[in-house]
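Participant: Single-letter residue listing:
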Amino acid sequence: MKYSYFPGCTLRNKAKDLDDYARACAEKLGFSLEELTDWQCCGGVYPLGADEIASKLPSVRALNAAKKKGQDLVAVCSACYHVLKRVNDDMANVADIQTRANNYMQLDTPYTGETKVLHYLEVLWDVVGFDKLKEAVVNPLTGRKVGAYYGCLLLRPSSVMAFDDPENPTILEDFIRALGAEPVMYPYRNECCGGYISIKEQEKAAGLCKKITDSAEGFQADCLVTACPLCKYNLSKNSNLPIVYFTELLAEALGIKEAQE
Amino acid sequence: MRKIGVFVCHCGSNIAATVDVKKVVELALQEQGVVHAEDYPYMCSEAGQVRIAEAIKENKLEGIVVCSCSPRMHEATFRKCAERNGLNPYLVEIANIREHCSWIHKDMAEATEKAVILMRAAVAKVHLNAPLQAGESAVTKRALVIGGGIAGIQTAIDIADAGYKVDIVEKEPSIGGRMSQLDKTFPTLDCSACILTPKMVEAAAHENITIHTWSEVEKVSGFVGNFTVDIRKKARYVDMDKCTGCGICQEKCPSKKPLNEFNRGLNTRSAIYTPFAQAIPNVPVIDANACIKLNTGKCGICEKFCQAGAIDYTQKDEIITEQYGAIVVATGFDTIKLDKYGEYAYNESKDVITSLELERIMNAAGPTKGHLERLSDGKAPKEIVFIQCVGSRCSDDRGKPYCSKICCMYTAKHAMLIRDKYPDTNVTVFYIDVRTPGKNFDEFYRRAVEDYGVNYVKGQVGKVAPQPDGSLMVHGVDLLENKQILKKADMVVLATAIEPNPDVRKIATMLTASIDTNNFLTEAHPKLRPVESPTAGVFLSGVCQGPKDIPETVAQAGAAAVKVIGLLAKDKLKTNPCTAKADELRCNGCSQCANVCPYGAISYETRQVNDHGIREDRRIAVVNSALCQGCGACTVTCPSGAMDLQGFSNRQIIAEVDAICR
Amino acid sequence: MSKVEQIKEISGVNPLKCMKCGKCSASCPSFNEMDIKPHQFVTYVINDDVEALAESKSAWKCLSCFACIERCPRDVKPGKLIDAARQILIRQRGQEGLSPDEIPALLDEEMPQQLLMSAFRKYRR
Amino acid sequence: MPVTENWKPKIVAFCCNWCSYAGADLAGSSRLAYPADVKIIKVPCSCRVNPMFILRAFEKGADGVILCGCHPGDCHYSTGNYYARRRMTLLFSMLDYLGVEEGRTRVEWVSAAEGVKFSETMNSFVEKVRALGPNVRLGDLRCKN
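Residue numbers (the working numbering), protein chains in the order written: chain A, 1 to 261; chain B, 262 to 923; chain C, 924 to 1048; chain D, 1049 to 1193.
Just so you know, not all the hints are guaranteed correct.
A few chain D residues facing chain B, derived, Cβ under 8 Å [said to hold, decoys possible]:
1) Ala1075
2) Pro1092
3) Gly1121
4) His1124
5) Arg1135
6) Ser1159
7) Ala1161
DMTMM-like, lysine to aspartate or glutamate: derived pairs with alpha carbons at most 20 Å apart [to be verified]:
8) B/Lys749 to A/Glu217
9) A/Lys200 to C/Glu1019
10) D/Lys1165 to B/Asp658
11) B/Lys460 to B/Glu813
12) C/Lys943 to B/Glu742
13) B/Lys749 to B/Glu634
14) B/Lys748 to A/Asp214
15) A/Lys237 to C/Asp1031
16) C/Lys980 to A/Glu203
17) C/Lys943 to B/Asp739
18) B/Lys559 to B/Asp548
19) B/Lys842 to B/Asp878
20) A/Lys200 to C/Asp1031
21) B/Lys700 to B/Asp451
22) B/Lys598 to A/Asp165
23) C/Lys926 to A/Glu52
24) B/Lys643 to B/Asp730
25) B/Lys445 to B/Asp810
26) A/Lys200 to C/Asp1024
27) C/Lys940 to B/Asp658
28) B/Lys788 to B/Asp777
29) B/Lys432 to B/Glu522
30) C/Lys943 to B/Asp694
31) A/Lys200 to C/Glu1032
32) B/Lys640 to B/Asp681
33) A/Lys16 to C/Asp1031
34) A/Lys211 to C/Glu956
35) C/Lys943 to B/Asp658
36) A/Lys210 to C/Glu956
37) A/Lys14 to C/Glu1033
38) B/Lys744 to C/Glu956
39) A/Lys237 to A/Glu203
40) D/Lys1056 to D/Asp1085
Worth flagging that the hints you see were computed from the coordinates, not collected in a lab.
As the structure is a prediction and not an experimental result, all values here were calculated from the model.
For each residue, glycine too, the CB sits at the ideal point set by N, CA and C.
In isolation and in its complexed conformation, chain A is listed as follows (with noise of 0.2 Å):
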């Protein structure tokens, strides 16, 4: 299976980890990632603006670059998967954007939502299946108590996203559980870790993920799992725990970490 990948700008540098232990395991699973060729950054945040149109282009550039290889189009960073869909949403049913964006674009088949936007944990949950990526782990991650951090971007809103259950949501733990692990519920994996306002006002975001490490310590998680650069460098900056992508987890349960090292 074959899909067309869009890493986003982090992935290219600072998560390269994300990025690399992403195709690593995804080989090993039997799907390959092919990144798409000129791909320009999401942008980071979903433009909620129904009259921002030049913002979401490059999206658009991306879904119909995957629409003319016929290839779902997958993503490992939360926010570019949240850009991606919703972007794509649109594209499907809000009629003025879909408009005025084809007539930026000037393609030559109008583009309307037709590519599907998958993250990189739902081909594993759908496609790979928790059962046969359980059966592929070959260093089970037995006694490690990891606490999934969903985090915003990959739940909210729900209606868009349909990810998983915006509250409670398990897809995560399911993985956790599929690589050996314990996972360990705590009441704040969905809650936000600050986002872009660390720029400018560190102590706010500190006091937010400080609430979330804390409850998520309180449930002894020994660590935590997220598939967003940004909330991986909040989180760990402002607390001791540990914090590793979700490929990350893969890879060493998946027996590849060890090998690239």
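With chain A's structure known, arrange chains B, C and D on it following the hints.
Facilitator: Just chains B, C and D now, kept in the frame of chain A:
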């Protein structure tokens, strides 16, 4: 050419403000056959009807058209008026120039033009109306009440007291319904069982009432006065006549895993069970899914211990067929599922409960024997938070758009009872509005605040977060102080929205009773006929029609009973004369009409016909006008055009089409 | 078009649907930093009080975490309203929430590009 | 017929007595506007509508015909709307064959509680018929003055 009169109603300013009524009158007089036309402020008023009466007499009118409100509102009024004055009531047509015209258009010229066209269509139709005579049908003097909660019980008792037979069909093993699950009732705090049980006993003992518990309505056919209903009596596996209700079977039954529905699944029960101690009938049922004997053939312990020999594993479901003149729907409600409200951690924490679950916890017969304790660790909660409007007043796809009406009052009740019995327990209520319209209701709520020190906070809760120490962190807001509140609670109670019992959809379909987008049954008129369904002979009692508390439910139950009694008191009912009729010269006896008739109203007979001088025997469709409900399915199916519907004949409808397209 | 009309247009939100339950404010992680709270924001738009919104810090404090949008029982989406107000501010020159000169001092070694991108989108045109 | 700016379509709406006519009443009592071009004919059930009536309307110059009944499963007479649906499917495909555009005919289920839906349905239907312009296909010249 018939002489037609046209009467244009102003409806005060409802019509006249948007439709030029004088113009309608003027143009009506130009229509063929119209010999009289006039307008009047309120045609439906006594004085308006007098004008119609005089016009009928003076002009020897042979048909009238009233341009007014919807025929659903006053067609009957004007038909009666015509009949009193010697004009066949079916020679009256209504042009709906209010709901379908003046109320939806703003431009006077446009509305007037439309009103004129609607008038013309009605005039064209009435020229072709036939004088019809309503037939008569007998009334079966027995009523069916579907649902044995307080609504159904009260309706049944009231009908039975008037001397008519009533059957109650209840799908649970006992009558009693939701009210039997409640601990205390507002605003008097009397014990629910203490006031309900006597009613249950009264119903059971009443010579005119038959109770079918563990039974469901399976099929309904017929029409007002003459319903035929199949009732499935589910296998109880216990002989109702032999059982003495001693209860030893329940004590000895080794299968103790099934969740106790009566206690909202908070504890378990045996496979053979009566839902609660005061159950009526006091005869247990065997839960076939959980019974070891029925599933494996082994066990049989209940049979061994039953001294009365009442256990019968061979029982099968039984279908009984009964005749009724009237049917009352009293199917009640349930609380909504909370799966979509993950932020309140209902599925994550045992100490987040619904208010109905709290009723069971507070009740002496409940899972904690009436002690207020946390279901997670059995500890007494010291800090309780109530959250109002969970799933009510929502316009998203998670909840219900309506106010559930009872929650403000029962929460005040719970808060007060807890503060009274456990004074060292703090109670906080997060509310949006406190709605207390009802006798002694606001006083009751104020007592909770002023005398019992319940802490009411105006604001909602965004999240309930279970903490490592087992407590619940409530993230709320106080809108009056304009600050966020973090409250550590031991128990959170959700005032969960109520919704009609999910079975009501199936029942409404069987009864062809209409239902609204929230699954509440629709009334014939929201103000003036609140206990009648638009389907004749079907009546509404209790929450199936809309959220209600107990006093309102009982009042409506009585009102529904009165309507049933009024129906059953009649020996004969007038039937709708707008029935199908076959033209014997055109009918070729092909049977296609009988195949589409939902009422089995069409049969065939061989009859001698005189077809333009040729006499021969032919097989001809005959419509039983008592059974025909006038849908018209047969008229369109008939390949030779022999079948027509009186009152809505092909010629009449075509005349309307022509008038509109003119 | 008035500013309030612009806010409604950009956000696509009908503030009249609000029943003033406060669930947005109960859910908001930036509540304490906001001078006009999320639920008040809706009322200010209804009351056409744009000056107050323009002077308010709230537009810069919203994290776009979408908790209010997710939980709002009336589908009002206060977060979209706040974002629309922010849009109107940054579309006026000199009103941006972040100037390029400030940035070097804010950077650190670990900071992901995503943060810079997001911050630029949120604070500037 | 040339389309003038003042052209108004003639639209016939057949509504069943139990659901859709009541839905139209509710649209009225809720003051939910729709164009005056729509004229409603009450029938007991959607199954009373003979395809002949619809042909007649087009013949007499109607520009659009819409049939409204109870939702599937909610018919007052149990099954009438199913018959209506089947008949209209056949009729509409025949009309399409004859060149009467698809947008000029429609079947819609509107319950007694759906005043909003009734109004929205009529608005969108009229808009569609307006866009199509006057119906010229089945108009019988003998019916013109």
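Participant: All hints, please: hold or fail.
Facilitator: Hint check:
Because the beta carbon of D/Ala1075 sits about 7 Å from the nearest beta carbon in chain B, less than 8 Å, this interface hint is met. Look at D/Pro1092: its Cβ gets to within about 5 Å of chain B, closer than 8 Å, so that hint holds up. Contact between D/Gly1121 and chain B, as hinted, is supported at the beta carbon level, the nearest pair being about 6 Å apart and thus within 8 Å. A hinted interface residue such as D/His1124 counts as satisfied when its beta carbon comes closer than 8 Å to some beta carbon of chain B; here the least separation is about 5 Å, so the hint holds.
Interface hint status for D/Arg1135: upheld, as the beta-carbon distance to the closest one in chain B is roughly 7 Å, under 8 Å. The beta carbon of D/Ser1159 comes within 7 Å of a beta carbon in chain B, closer than 8 Å, and the hint placing it at the interface holds. This hint holds: D/Ala1161 has a C-beta 4 Å from the nearest C-beta of chain B, less than the 8 Å allowed. A distance of roughly 19 Å separates the Cα atoms of B/Lys749 and A/Glu217; the hinted pair therefore holds under the 20 Å criterion.
For the proposed pair A/Lys200 and C/Glu1019, the alpha carbon gap of about 13 Å is at most 20 Å, so the pair holds. Distance restraint check for D/Lys1165 and B/Asp658: the Cα-Cα separation of roughly 18 Å lies within the 20 Å cut-off, and the hinted pair is therefore satisfied. Taken as a hint, the B/Lys460 and B/Glu813 pair is honoured in the structure, with Cα atoms around 16 Å apart against an allowance of 20 Å. Restraint check: the Cα-Cα separation between C/Lys943 and B/Glu742 comes to about 14 Å, which is no more than 20 Å; the hinted pair holds.
About 16 Å separates the Cα atoms of B/Lys749 and B/Glu634, which keeps this hinted pair within 20 Å; it holds. Of the supplied pair hints, the one linking B/Lys748 and A/Asp214 holds, its CA atoms being roughly 17 Å apart against a limit of 20 Å. With a C-alpha separation of about 11 Å, the suggested pairing of A/Lys237 with C/Asp1031 holds against the 20 Å cut-off. Between C/Lys980 and A/Glu203, the direct Cα distance comes to roughly 17 Å. Compliance with the 20 Å bound is thereby established for this hinted pair.
Taking the CA atoms of C/Lys943 and B/Asp739, the gap is near 12 Å; set against the 20 Å cutoff, the hint holds. Under the criterion of a C-alpha separation no larger than 20 Å, the hint pairing B/Lys559 with B/Asp548 is consistent with the structure, at around 15 Å. Pair hint B/Lys842 plus B/Asp878 holds up; C-alpha atoms about 19 Å apart against a cutoff of 20 Å. Distance restraint check for A/Lys200 and C/Asp1031: the Cα-Cα separation of roughly 12 Å lies within the 20 Å cut-off, and the hinted pair is therefore satisfied.
For the proposed pair B/Lys700 and B/Asp451, the alpha carbon gap of about 16 Å is at most 20 Å, so the pair holds. In summary, the hint linking B/Lys598 to A/Asp165 is supported, as the alpha carbons are separated by about 15 Å, within the 20 Å threshold. With a CA separation close to 17 Å, the supplied pair C/Lys926 and A/Glu52 stays within the 20 Å bound. As the CA atoms of B/Lys643 and B/Asp730 are separated by approximately 14 Å, the hinted pair is consistent with the 20 Å bound.
Between the alpha carbons of B/Lys445 and B/Asp810 the distance comes to roughly 13 Å, so the proposed pair stays at or under 20 Å and holds. At most 20 Å may separate the alpha-carbon atoms for a hinted pair to count; A/Lys200 and C/Asp1024 meet this at roughly 13 Å. Distance hint between C/Lys940 and B/Asp658 is fulfilled; the C-alpha atoms sit about 14 Å from each other, no more than 20 Å. About 16 Å separates the Cα atoms of B/Lys788 and B/Asp777, which keeps this hinted pair within 20 Å; it holds.
At roughly 13 Å between alpha-carbon atoms, B/Lys432 and B/Glu522 fall within 20 Å of each other, so this suggested pair holds. The straight-line distance between the Cα atoms of C/Lys943 and B/Asp694 is roughly 9 Å, inside the 20 Å bound, and the hint therefore holds. Taking the CA atoms of A/Lys200 and C/Glu1032, the gap is near 16 Å; set against the 20 Å cutoff, the hint holds. With a C-alpha separation of about 18 Å, the suggested pairing of B/Lys640 with B/Asp681 holds against the 20 Å cut-off.
A hinted pair counts as satisfied when its Cα atoms are at most 20 Å apart, and A/Lys16 with C/Asp1031 qualifies at roughly 17 Å. Proximity of A/Lys211 to C/Glu956 is assessed by CA-CA distance (about 16 Å); at most 20 Å being required, the pair is judged to hold. In summary, the hint linking C/Lys943 to B/Asp658 is supported, as the alpha carbons are separated by about 19 Å, within the 20 Å threshold. Straight-line distance between C-alpha atoms of A/Lys210 and C/Glu956 comes to about 17 Å, which keeps the hinted pair within the 20 Å bound.
The straight-line distance between the Cα atoms of A/Lys14 and C/Glu1033 is roughly 7 Å, inside the 20 Å bound, and the hint therefore holds. At roughly 11 Å between alpha-carbon atoms, B/Lys744 and C/Glu956 fall within 20 Å of each other, so this suggested pair holds. Under the criterion of a C-alpha separation no larger than 20 Å, the hint pairing A/Lys237 with A/Glu203 is consistent with the structure, at around 11 Å. Taking the CA atoms of D/Lys1056 and D/Asp1085, the gap is about 7 Å. The hint holds against a cut of 20 Å.
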